[in-house]
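As you go down the protein sequences, you meet chains A and B in turn.
Going by numbering that gives the first Met the number 0, the first residue of the first sequence is number 0, and it counts up by one from there.
Going by numbering that gives the first Met the number 0, the first residue of the second sequence is number 0, and it counts up by one from there.
Simulated from the structure, these hints should not be mistaken for lab results.
Some clues are possibly wrong.
To give an idea of the interface, some chain B residues facing chain A are shown, with a C-beta separation under 8 Å as derived from the structure [unchecked claim]: (1) Ser2; (2) Pro8; (3) Val12; (4) Gln54; (5) Arg76.
Here are a few chain B residues that sit away from chain A, every Cβ distance over 10 Å (derived from the structure) [claimed, not checked]: (6) Asn74; (7) Arg75; (8) Glu211; (9) Asn255; (10) Met272.
Just so it is clear, CB atoms sit at the ideal spot from N, CA and C, and this is done for glycine as well.
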Amino acid sequence: MMGGPIASLHPLSRADGSASYKCPSTGSNVLGSVNAPVELPGRRDALKPEDATIEVFVKPGTAPSGVGERYVEGILRGALSRIVLGREKGYPRRGVVITLAILGGESIGRGGSYLPLLPALLHTSILALLSASVPLSMSLSATMLAVNPSGEIVRKPSITDARAAASLHVLAFTSKGHLLLSESEGRFNFDTWDKVYENALAVCHGTSTLSSDGDVAMTENMDTQPLEGFVRDTVEDHIRAEYAWKVDAA
Amino acid sequence: MSSPLILLPGDDVPADYLPSNASAPLRLGTGLRLLSQPNPTPASTPSNHVLTATQAGILSTDNRRNAVSILPSSNRRYIPTPGDLVVAQVHHSSADYFHCMITPQSPHALLGQLSFEGATKKTRPMLRGGDLLYARVLSTGLGAGTEVELTCVNPATGKAEPGGLGPLNGGMVFDISTGMAARLIRASSSSSDQEDGVAGLVVLDELGKKLEKAGGFEIAVGRNGKVWVDCSNSEEDAVKATVAIGRCLTTIDEHNLNPTDQRKLVTKVLRDMKIES
Chain A
0 MMGGPIASLH
10 PLSRADGSAS
20 YKCPSTGSNV
30 LGSVNAPVEL
40 PGRRDALKPE
50 DATIEVFVKP
60 GTAPSGVGER
70 YVEGILRGAL
80 SRIVLGREKG
90 YPRRGVVITL
100 AILGGESIGR
110 GGSYLPLLPA
120 LLHTSILALL
130 SASVPLSMSL
140 SATMLAVNPS
150 GEIVRKPSIT
160 DARAAASLHV
170 LAFTSKGHLL
180 LSESEGRFNF
190 DTWDKVYENA
200 LAVCHGTSTL
210 SSDGDVAMTE
220 NMDTQPLEGF
230 VRDTVEDHIR
240 AEYAWKVDAA
Chain B
0 MSSPLILLPG
10 DDVPADYLPS
20 NASAPLRLGT
30 GLRLLSQPNP
40 TPASTPSNHV
50 LTATQAGILS
60 TDNRRNAVSI
70 LPSSNRRYIP
80 TPGDLVVAQV
90 HHSSADYFHC
100 MITPQSPHAL
110 LGQLSFEGAT
120 KKTRPMLRGG
130 DLLYARVLST
140 GLGAGTEVEL
150 TCVNPATGKA
160 EPGGLGPLNG
170 GMVFDISTGM
180 AARLIRASSS
190 SSDQEDGVAG
200 LVVLDELGKK
210 LEKAGGFEIA
220 VGRNGKVWVD
230 CSNSEEDAVK
240 ATVAIGRCLT
250 TIDEHNLNPT
260 DQRKLVTKVL
270 RDMKIES
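For reference, chain B alone in the conformation it holds in the complex:
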């Protein structure tokens, strides 16, 4: 496949861009719909089906999963989908639930008091308003006015899967765009030896190398456009390093920096903050 294909609403997806895996059914992702064209000669063949875009964006295909979708604008608002990892903030707590904020404009999401690893009626985390959580979206309900439910545990196994779900202590949260959050999740979940990194991001690898001596850092990326960063291992530099990481991520997001500029930025920010690397 050549250069990425940009589609506008109403454009048909050319057949040669679709995954050629004929064994499994084609999965349609966001921004695409199936239309059947009325056939001029109805007797001969059944109606033709075409895939049409409903959003403007780059066509993205996944040959392994036989899926095709349109990548949305990176600045779009976060809309919860089941399975997403989010950084949520507890607003208040009630008898059965913690009421959490995922995005400031949406109604509170519910997190069961017992939806934590190893939680029972006697031993459960006591969270207060303002506490941060790393959680997974369990369900979003159907239609308008329904509640979003979160969980910090895999209901099938009773374990916090993947690791790290649960309350986030210390650290600091930075706001990034939802597109950047998706890229960071891809970049941090798969490490590659490529020069350009995964999804065009080398910032995490670069920061990891430079901050290794200072004690490393922890990061939790939420699909809702929030990143939690903590450097509690690096004693006296903890605050400085946290702010430096946040500054790197937000600047890269804002200016859409390429890998070379990302490396330069990391060096510059760490030098400005007087963190030795």
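Isolated chain A (complex conformation):
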């Protein structure tokens, strides 16, 4: 079993916030930066005078970006605009610009599926937003699951698993456990999706099982921690290091 994902906060010094994220199973490596709040060019702010405009740019490492990137940018913008509080002080009429550069991993050809990259892109954006101190209502975590032709659910599928799968599903959950995003591809039925949902929730949040004494224990039936905890630990470690002078003194 490979280890958990690797992430770092604030690797770029000139951006307001940035993060890098490497997913071990698909090998995708994403560097993201967030600049917010920025003045928007032109009169784009007039479309939504009371809210911040969120812009997402996905830059593939080796190829010029095309229609696939525009599509995934739309998905990311939709999901992130639900958790960014664009009406907080200083944000209305301004922009939140998220730039995601794909540094490594399998490159996605023209017309190829973007789903294997989507969890890494989502995690990079949420970590970068957190490092830029953009007001958010909650944080998120995302995972991809593959259903192979015999109907088994594969957690953390590799690129080869994803190619062989009958259907692929990317689900994102907020830190409160709400379903934020569900993108699926291939042939599947509702029962399969329900199973996928249960599995994805377990990967992101751990499964809550009622133990014999009636306590709700958060157990991880995986050998790695839930992804939600991973996001939290990454951010907490960064803050602890940054405020070492305050944390140590207390």
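Position chain B relative to chain A; hints supplied.
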């Protein structure tokens, strides 16, 4: 209160971390918002209110002012707020205003030609592009595209309050993170006899002791992440001492040094620059 509490967006602030001063209303600072939870039994009690974080950071409470806020990341970009002290650079001058730069990426801030202590139409400072100022943010306007206004004088009294507002002559400016600037302001405004200094910074006290013989130094810390340092009293060592102070501050900021390492660094830098202390 035990160890500092780190919150992520969406986390509720536990009630026992809030200041217990019930006489004054609770002041909410940055990174927090008040949400009312829908009550399952609407008839019995009014809805519950919870404080929820909107940013990731350490919860900071002030019992005296009955305030609670979240400390933001120390590398964040400077966003002007009224009352902040900043080190600004004049870009150009127009009939009524000096157009100043606070941060390179933001539009110019305005500083009235007469917003100086004792300035009249006849006697006012003649500043040219590139000159430095220590100023206070007067207003930031509402919404996008509004101008930031600076002042070098307290409009109520006509005095430069606190002392030192106005043009900065000589010296040199160093860039630091906004978090470090906030710590330096706290450390330089309140002197303590604690071993660890204020806000974990002993560098200013240490430099002050070591450079006393060389003539001391002047420092102006701007919230916008700029420090102006001047050692014009220390004749032949002026340039060396200025650079040494800047080097100490930027290194401490970059490597997040603790008080012991700060003392070591000050000694090392001064020795490397051949400044006798």
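Hints, one by one, checked against the model:
1. Contact between Ser2 (chain B) and chain A, as hinted, is supported at the beta carbon level, the nearest pair being about 6 Å apart and thus within 8 Å.
2. Here the hint on Pro8 (chain B) is kept, as its CB sits about 4 Å from the closest CB of chain A, short of 8 Å.
3. With its C-beta approaching chain A no nearer than about 14 Å, Val12 (chain B) sits outside the 8 Å limit, and its interface hint is violated.
4. For Gln54 (chain B), the interface hint holds, since its Cβ comes within 8 Å of a Cβ in chain A; the closest pair sits about 5 Å apart.
5. Because the smallest distance between the Cβ of Arg76 (chain B) and any Cβ of chain A comes to about 5 Å, under 8 Å, the interface hint for this residue holds.
6. Non-interface call for Asn74 (chain B) relative to chain A: violated, since the shortest CB-CB distance, roughly 6 Å, does not exceed 10 Å.
7. With a least CB separation of 5 Å from chain A, Arg75 (chain B) falls inside the 10 Å interface cut-off, contrary to its annotation.
8. With a closest Cβ-Cβ approach of about 25 Å to chain A, Glu211 (chain B) is found to remain outside the 10 Å limit, as its non-interface label requires.
9. Non-interface status of Asn255 (chain B) relative to chain A is broken: a Cβ of that chain comes within 10 Å, the nearest being about 6 Å off.
10. Here Met272 (chain B) stays apart from chain A, with its beta-carbon at least about 26 Å from theirs, past the 10 Å limit.
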